[in-house]
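A.B. asks: Numbering follows our numbering, with no gaps: position 42 of the sequence shown is 42.
Everything labelled a hint here was simulated from the structure, so no lab data went into it. Possibly wrong hints are sitting among the right ones.
[Claimed, not checked] Label pairs and their in silico Cβ distance ranges:
{"#": "1", "residue 1": "V35", "residue 2": "T81", "range": "44 to 50 Å"}
{"#": "2", "residue 1": "G104", "residue 2": "A58", "range": "42 to 48 Å"}
{"#": "3", "residue 1": "L36", "residue 2": "T81", "range": "15 to 21 Å"}
{"#": "4", "residue 1": "A29", "residue 2": "M53", "range": "32 to 38 Å"}
{"#": "5", "residue 1": "A46", "residue 2": "M78", "range": "21 to 27 Å"}
{"#": "6", "residue 1": "G27", "residue 2": "L124", "range": "24 to 30 Å"}
{"#": "7", "residue 1": "V88", "residue 2": "V35", "range": "20 to 26 Å"}
{"#": "8", "residue 1": "I50", "residue 2": "R133", "range": "20 to 26 Å"}
{"#": "9", "residue 1": "K99", "residue 2": "L47", "range": "30 to 36 Å"}
{"#": "10", "residue 1": "V128", "residue 2": "G104", "range": "35 to 41 Å"}
{"#": "11", "residue 1": "G56", "residue 2": "S131", "range": "14 to 20 Å"}
Note that CB positions come from ideal geometry on N, CA and C, so glycine has one too.
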Amino acid sequence: MTHSESRLPGRPDERARAARSPSAPGGCADPLAGVLLVVAEAAAGALLAIWLMVRGLARPHEATGGKLSAPPPADPGMDWTPVAVFAVLALLVACVAAKLLRSGWYWSGGTQVVVAVALCVLVLATAVEGSLREAPEPTPASTYASPPCRSGGDSDECARSGR
Numbered sequence: 001m002t003h004s005e006s007r008l009p010g011r012p013d014e015r016a017r018a019a020r021s022p023s024a025p026g027g028c029a030d031p032l033a034g035v036l037l038v039v040a041e042a043a044a045g046a047l048l049a050i051w052l053m054v055r056g057l058a059r060p061h062e063a064t065g066g067k068l069s070a071p072p073p074a075d076p077g078m079d080w081t082p083v084a085v086f087a088v089l090a091l092l093v094a095c096v097a098a099k100l101l102r103s104g105w106y107w108s109g110g111t112q113v114v115v116a117v118a119l120c121v122l123v124l125a126t127a128v129e130g131s132l133r134e135a136p137e138p139t140p141a142s143t144y145a146s147p148p149c150r151s152g153g154d155s156d157e158c159a160r161s162g163r
């Protein structure tokens, strides 16, 4: 005999409670965690940018082999390290976003998606700029029009005579 107050397994309220994730945030924990993650990522990005700038300042010195009298090379080429570093940071942020969204932290996960997209745009813009910078520029056509040869000869004769 069962009492009417007894809860049998499988009732709708129990199924809903079991389906809800125990790690789902309550109150303002989700937006607060999102803000804290964005601040932490901004600090990490700033530290990476400072490291890359210091590395970039030391790069011409490394190219000369440490000799102070040697001139730096004309064009050392594109340094792809910043692109790779920020691509790894974007991938890390995207993984954190996926984990947060799967756990039910929708505000935090959403902000992480926005940050990951912004980092991907930064990486793509830097890569496109670097590849355009490395592409050789076409040589412009000569705009010099030589004066006609007064002696009646061909252009080679005029070029040798200086007229």
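A.B. asks: When the structure is checked against the list of hints, which entries are broken? Sort them ascending.
C.D. replies: Of the numbered hints, 1, 3, 6 and 9 do not hold.
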